[in-house]
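K.L.:
Taken in order, these protein sequences are the chains called W, Z, R and L. Taking my numbering, I'd label the letters of the first sequence as residues 1 to 234. Taking my numbering, I'd label the letters of the second sequence as residues 1001 to 1234. Taking my numbering, I'd label the letters of the third sequence as residues 2001 to 2240. Taking my numbering, I'd label the letters of the fourth sequence as residues 3001 to 3240.
Hints may contain errors.
Calculated cross-link-like contacts (lysine-lysine; reagent style DSS-like; alpha-carbon spacing at most 27 Å) [as the list claims (entries may be wrong)]: (1) R:LYS2186 <-> Z:LYS1150; (2) W:LYS30 <-> L:LYS3072; (3) Z:LYS1150 <-> Z:LYS1090; (4) Z:LYS1085 <-> L:LYS3186; (5) Z:LYS1134 <-> L:LYS3042; (6) W:LYS85 <-> R:LYS2133; (7) L:LYS3133 <-> Z:LYS1084; (8) L:LYS3072 <-> Z:LYS1161; (9) L:LYS3079 <-> Z:LYS1161; (10) W:LYS134 <-> R:LYS2079; (11) Z:LYS1084 <-> Z:LYS1134; (12) R:LYS2193 <-> W:LYS84; (13) L:LYS3079 <-> Z:LYS1071; (14) Z:LYS1030 <-> Z:LYS1150; (15) L:LYS3133 <-> R:LYS2133; (16) W:LYS84 <-> R:LYS2072; (17) L:LYS3072 <-> L:LYS3042; (18) W:LYS150 <-> R:LYS2133; (19) R:LYS2133 <-> Z:LYS1090; (20) R:LYS2133 <-> Z:LYS1030; (21) W:LYS134 <-> R:LYS2193; (22) Z:LYS1085 <-> Z:LYS1071; (23) Z:LYS1134 <-> L:LYS3072; (24) L:LYS3186 <-> W:LYS90; (25) R:LYS2072 <-> Z:LYS1090; (26) L:LYS3133 <-> L:LYS3042.
Where chain W lies over chain R, by a calculated footprint (3+ residues, C-beta under 8 Å) [unchecked claim]: (27) 2011-2025; (28) 2034-2047; (29) 2057-2068; (30) 2126-2140; (31) 2177-2186; (32) 2220-2234.
Beta-carbon label-pair distances, calculated as ranges [as the list claims (entries may be wrong)]: (33) Z:GLY1196 <-> R:GLN2233: 56 to 62 Å; (34) R:SER2007 <-> Z:GLY1032: 18 to 24 Å; (35) L:THR3185 <-> W:ALA69: 32 to 38 Å; (36) W:GLY40 <-> R:GLU2137: 45 to 51 Å; (37) W:PRO50 <-> L:THR3185: 50 to 56 Å; (38) L:VAL3135 <-> R:PRO2219: 49 to 55 Å; (39) L:MET3001 <-> R:SER2007: 45 to 51 Å; (40) R:ARG2084 <-> Z:GLY1032: 42 to 48 Å.
Calculated from the structure, these hints are not laboratory results. Cβ atoms here follow ideal geometry from the backbone N, Cα and C, with glycine treated the same way.
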Amino acid sequence: MSADMSNTALAEDTRLSSAQMAWRAAQDIKDGAYVNLGIGFPEMVARYQPPGRQAIFHTENGILNFGEAPKPGQEDWDLINAGKKAVTLKPGAAFFHHADSFAMVRGGHLDVAILGALQVSENGDLANWRVGSKGVPAVGGAMDLVHGAKQVFVITDHATKNGEPKLVETCTFPLTGVACITRIYTSHAVIDIANGRFVLREKLPGMSVEELQAMTGAKLHIEGSVTDLIVPAL
Amino acid sequence: MSADMSNTALAEDTRLSSAQMAWRAAQDIKDGAYVNLGIGFPEMVARYQPPGRQAIFHTENGILNFGEAPKPGQEDWDLINAGKKAVTLKPGAAFFHHADSFAMVRGGHLDVAILGALQVSENGDLANWRVGSKGVPAVGGAMDLVHGAKQVFVITDHATKNGEPKLVETCTFPLTGVACITRIYTSHAVIDIANGRFVLREKLPGMSVEELQAMTGAKLHIEGSVTDLIVPAL
Amino acid sequence: MDKRSVSAAEAVSAIDEGAVVMIGGFGGSGAPIELIHALIDKRPRNLTVINNNAGNGRIGIAAMIDAGMVAKMICSFPKSSDPRAFTERYLAGEIELELVPQGTLAERIRAGGAGIPAFYTPTAYGTELAEGKPVAEFDGRHYVQERWLKADFAIIKAEIGDTHGNLTYSKAARNFNPLMCMAATKTIVQVSKVVEAGGIDPEHVVTPGIFVDHVVEIPSPQQEEEMIRAGLQYEGGVYA
Amino acid sequence: MDKRSVSAAEAVSAIDEGAVVMIGGFGGSGAPIELIHALIDKRPRNLTVINNNAGNGRIGIAAMIDAGMVAKMICSFPKSSDPRAFTERYLAGEIELELVPQGTLAERIRAGGAGIPAFYTPTAYGTELAEGKPVAEFDGRHYVQERWLKADFAIIKAEIGDTHGNLTYSKAARNFNPLMCMAATKTIVQVSKVVEAGGIDPEHVVTPGIFVDHVVEIPSPQQEEEMIRAGLQYEGGVYA
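Isolated chain W (complex conformation) (with noise of 0.2 Å):
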């Protein structure tokens, strides 16, 4: 890849897919982890889990070690994920009701969760429950997840396929939960929030720093050495 190509076309031609962006966000999942996955693209995280490393996933409506969907025409609709997709149970799974299911995301059970996002700003404030103030508003478990888990990651295209940045300095869309993302798993990049700076960690080895930052709201603080973002074709 050239180094003279235009940030656009760079951002259009060499990202990350979603199930790229899901891989590497699986990478840091340790073994034996609880883990709940926001609804739609987060949920790809699941398949993506490293030979050796099994994590146990938590759905909102009361699941707790649930697995892959079952083939078509065997779904057990008392059986879902909080997406309302048909699961299946992996053994040493455990049925709950909704307060013991939000006590453990409240409560600081939950090791990780991975959540889709409209905007992150610098100090770590997420925007991914609506655009404005029009239609009809739906939050479901969006703002207990952020205020519960350990750690809260975002997995998110690196800018709006218009090119307006999607990591910004204050989030303009109504807000999820302030200041409770410590990482975000980016089309181009990793970057980790710490003292409210976003710090760059990796990047797509084809661009540069200033190639980012330009696509980027905030300003990308650098400590320590950024390392290549590099991911198996999928």
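Position chains Z, R and L against the provided structure of chain W, taking the given hints into account.
P.N.:
This is chains Z, R and L only, laid out in the frame that chain W set:
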């Protein structure tokens, strides 16, 4: 019995036994009522349910629908009541943890709780957990019960062994709860608490209202008729 | 003691206009479809309905909304694969919405059942869903004060019930059902099977009978997800 | 995932001086005698112990007190058939007591586990046990604000445990145990039997494994009530 006996003699000679007080209280418990009986003397109420009625008894340590004590030697020490005495189960029993147990109590799900008393005041304050500030204090579940059950009754001697009234204008012992008692079954009478007043409902036929008033530390009000308190020999 | 009702219609007969009604379920899982449809047949209006969602398709809660019975929804996620019933009335200003984060909704219902009038949670602090609510700091962190939720009635789906009202559930159909049983003045439960007292192991009871008033046996309950896939629509008495 | 410890001694090995320790049980029912005695053998001092009671006879928590390990008890009922261990030290001013109504104790522990820093309860309003606590009025009734209780460790007795830490209990030995599992940084459980993951029906799990860190199999646990009737006394390593 002659009407010229002194009050003291009357109190000693003509009074309900503990079993008889428990019998009288049991007559007011409806079929299917959920009931918590305080440790000790109130536990006797369970024995005297009228034929055809079956209350469901609750114990703080997590059982609904327990029954009599097992035969000696057949105790299961994981099957005990709040007084740590061995009990048995009836069909339709359930086990639950302490938070659910006190959700039943505090959430107003019990129909009746029946407790002992050191003192009850005319506005329904109860003192039953501590005599003074000496010794080791212990409260158990009494403070929860008095603010939880739909109706909280007391069974008590009308006066102390020394003749001091237990039904008083204001409790002098530390309170268990404020304005929580609605009915008192004593050794001599049945008294309701309504609008901050003791209202006499039943009294032993052999004594006058004046004699009962002389044993009582606050004014006994009459609303409508006072009926005879008649119980079987037990 | 026998808490059995002879029919869904009898079980819901006391639910009248203006009632606050908790309805169990998370989407279609644990949704008491037969009790809801019996309530539609009776058609009390001006109800406040508490559920995680706000109906899907043209059955269950969505059909209640279609029938004009619901004045207010208290829920966390009023979206679904087919959210038209709620969306149209909400956007037309014909139905009120109280949006509550899911864990706060669960805890408010539990608090209602447990006699806890208010509690503090970190959830929603600093967001528009906490606007107007008291906040407090404990150990250096900020929390929002939330109030209990209670209802006049809860309509619930369980799996096995005994004549005392003890209940078990099927898998994740448990969800809000055990909490709602606790938080309503009258709790009405449909179960796939009623057994005599003693028919459920006391160790396996999920909802103790003290939280239940009426149990009605609906041997093969309908499943919302399958009904939606089949395109069913309930209009009171009949499926269109 | 395998949460098994090889022995009670290993399971409690991280509990050090000054720790706050929740101990399950209601009297002898659900009391983790073997874990308590393993802790006495290790003998960390200056502990804060949370339990409904404050020991009975000369075993279990009473033996911890006898061994001078307990600086403070948080409990609802520090009396028993033989309360000498606690009573003597309390009256001598050698042990601190925080007396908490039983339901408030249970709810404070649950709140600790559920991330609720404070809640309101009617219990103890107007009594000396509410002195110094904030009060508030909701819907015309007065309530006391109570704070959560958390611990560094919980030592728990259950019946069956699997390698993931899922637990069932025996009858009323459940009591405070499931709540304390939730409220401690590290939860250590003795069970009569350990099974592989999948060995407990997911419908019958009372404590999900997420609340449990270590499980140790004690096949025939001692029962406090029977030990007291037998006049046993534990002095660390041996029964006197």
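K.L.:
A separate judgement is required for each hint: does it hold in the structure or not?
P.N.:
To see whether the hints hold, each was checked on the structure:
A distance of roughly 15 Å separates the Cα atoms of LYS2186 (chain R) and LYS1150 (chain Z); the hinted pair therefore holds under the 27 Å criterion. For the suggested pair LYS30 (chain W) and LYS3072 (chain L), the alpha carbons sit about 37 Å apart, so the restraint of at most 27 Å is broken. A C-alpha spacing of about 24 Å is found between LYS1150 (chain Z) and LYS1090 (chain Z), which places the hinted pair at or below 27 Å, so the restraint holds. Among the hinted pairs, LYS1085 (chain Z) with LYS3186 (chain L) is inconsistent with the structure: their alpha-carbon atoms are about 32 Å apart, more than 27 Å.
Between LYS1134 (chain Z) and LYS3042 (chain L), the direct Cα distance comes to roughly 34 Å. Violation of the 27 Å bound is thereby established for this hinted pair. Restraint check for LYS85 (chain W) and LYS2133 (chain R): not satisfied, since their Cα atoms lie roughly 34 Å apart, outside the 27 Å limit. Under the criterion of a C-alpha separation no larger than 27 Å, the hint pairing LYS3133 (chain L) with LYS1084 (chain Z) is inconsistent with the structure, at around 31 Å. Distance hint between LYS3072 (chain L) and LYS1161 (chain Z) is unfulfilled; the C-alpha atoms sit about 37 Å from each other, more than 27 Å.
Distance restraint check for LYS3079 (chain L) and LYS1161 (chain Z): the Cα-Cα separation of roughly 24 Å lies within the 27 Å cut-off, and the hinted pair is therefore satisfied. With a CA separation close to 14 Å, the supplied pair LYS134 (chain W) and LYS2079 (chain R) stays within the 27 Å bound. Distance check on the hinted pair: LYS1084 (chain Z) and LYS1134 (chain Z) sit about 25 Å apart at the alpha-carbon level, within 27 Å; holds. With a C-alpha separation of about 25 Å, the suggested pairing of LYS2193 (chain R) with LYS84 (chain W) holds against the 27 Å cut-off.
Proximity of LYS3079 (chain L) to LYS1071 (chain Z) is assessed by CA-CA distance (about 26 Å); at most 27 Å being required, the pair is judged to hold. Note on LYS1030 (chain Z) and LYS1150 (chain Z): the hinted pairing holds, with a Cα-Cα distance of about 13 Å set against a maximum of 27 Å. Proximity of LYS3133 (chain L) to LYS2133 (chain R) is assessed by CA-CA distance (about 21 Å); at most 27 Å being required, the pair is judged to hold. As the CA atoms of LYS84 (chain W) and LYS2072 (chain R) are separated by approximately 24 Å, the hinted pair is consistent with the 27 Å bound.
Of the supplied pair hints, the one linking LYS3072 (chain L) and LYS3042 (chain L) holds, its CA atoms being roughly 18 Å apart against a limit of 27 Å. At roughly 26 Å between alpha-carbon atoms, LYS150 (chain W) and LYS2133 (chain R) fall within 27 Å of each other, so this suggested pair holds. Restraint check for LYS2133 (chain R) and LYS1090 (chain Z): not satisfied, since their Cα atoms lie roughly 46 Å apart, outside the 27 Å limit. Note on LYS2133 (chain R) and LYS1030 (chain Z): the hinted pairing is violated, with a Cα-Cα distance of about 42 Å set against a maximum of 27 Å.
With a C-alpha separation of about 45 Å, the suggested pairing of LYS134 (chain W) with LYS2193 (chain R) is violated against the 27 Å cut-off. Between LYS1085 (chain Z) and LYS1071 (chain Z), the direct Cα distance comes to roughly 12 Å. Compliance with the 27 Å bound is thereby established for this hinted pair. For the proposed pair LYS1134 (chain Z) and LYS3072 (chain L), the alpha carbon gap of about 19 Å is at most 27 Å, so the pair holds. The hinted pair formed by LYS3186 (chain L) and LYS90 (chain W) meets the criterion: a straight-line CA distance of about 25 Å does not exceed 27 Å.
Under the criterion of a C-alpha separation no larger than 27 Å, the hint pairing LYS2072 (chain R) with LYS1090 (chain Z) is inconsistent with the structure, at around 43 Å. Straight-line distance between C-alpha atoms of LYS3133 (chain L) and LYS3042 (chain L) comes to about 37 Å, which puts the hinted pair past the 27 Å bound. Coverage of the region 2011-2025 of chain R by chain W is violated in this model, with 0 residues showing a Cβ closer than 8 Å to a Cβ of that chain against a need of three. Taking a C-beta to C-beta cut-off of 8 Å, the region 2034-2047 of chain R contributes 0 residues in contact with chain W, too few for the three needed, and the coverage statement is violated.
Here the region 2057-2068 of chain R counts 0 residues with a CB under 8 Å from a CB of chain W, which misses the bar of 3, and the coverage is violated. Counting residues of the region 2126-2140 of chain R whose CB lies closer than 8 Å to any CB of chain W gives 4, which reaches the minimum of 3, so the coverage claim holds. Counting residues of the region 2177-2186 of chain R whose CB lies closer than 8 Å to any CB of chain W gives 3, which reaches the minimum of 3, so the coverage claim holds. Counting residues of the region 2220-2234 of chain R whose beta carbon lies closer than 8 Å to any beta carbon of chain W gives 4, which meets the minimum of three for the stated coverage.
A hinted range of 56 to 62 Å for the beta carbons of GLY1196 (chain Z) and GLN2233 (chain R) is consistent with their spacing of about 58 Å. Separated by about 21 Å at the C-beta atoms, SER2007 (chain R) and GLY1032 (chain Z) satisfy the suggested range of 18 to 24 Å. For the hinted restraint 32 to 38 Å between THR3185 (chain L) and ALA69 (chain W), the CB-CB distance of approximately 35 Å keeps it satisfied. Distance hint for GLY40 (chain W) and GLU2137 (chain R): a CB-CB separation of about 34 Å, inconsistent with the stated range 45 to 51 Å.
At about 27 Å, the CB distance of PRO50 (chain W) to THR3185 (chain L) disagrees with the hint of 50 to 56 Å. Between VAL3135 (chain L) and PRO2219 (chain R) the Cβ separation comes to about 51 Å, which falls inside the hinted range of 49 to 55 Å. For the pair MET3001 (chain L) and SER2007 (chain R), the beta carbons lie near 48 Å from each other, so the given range of 45 to 51 Å is met. Hint check: ARG2084 (chain R) to GLY1032 (chain Z), Cβ distance near 44 Å, so the stated range 42 to 48 Å holds.
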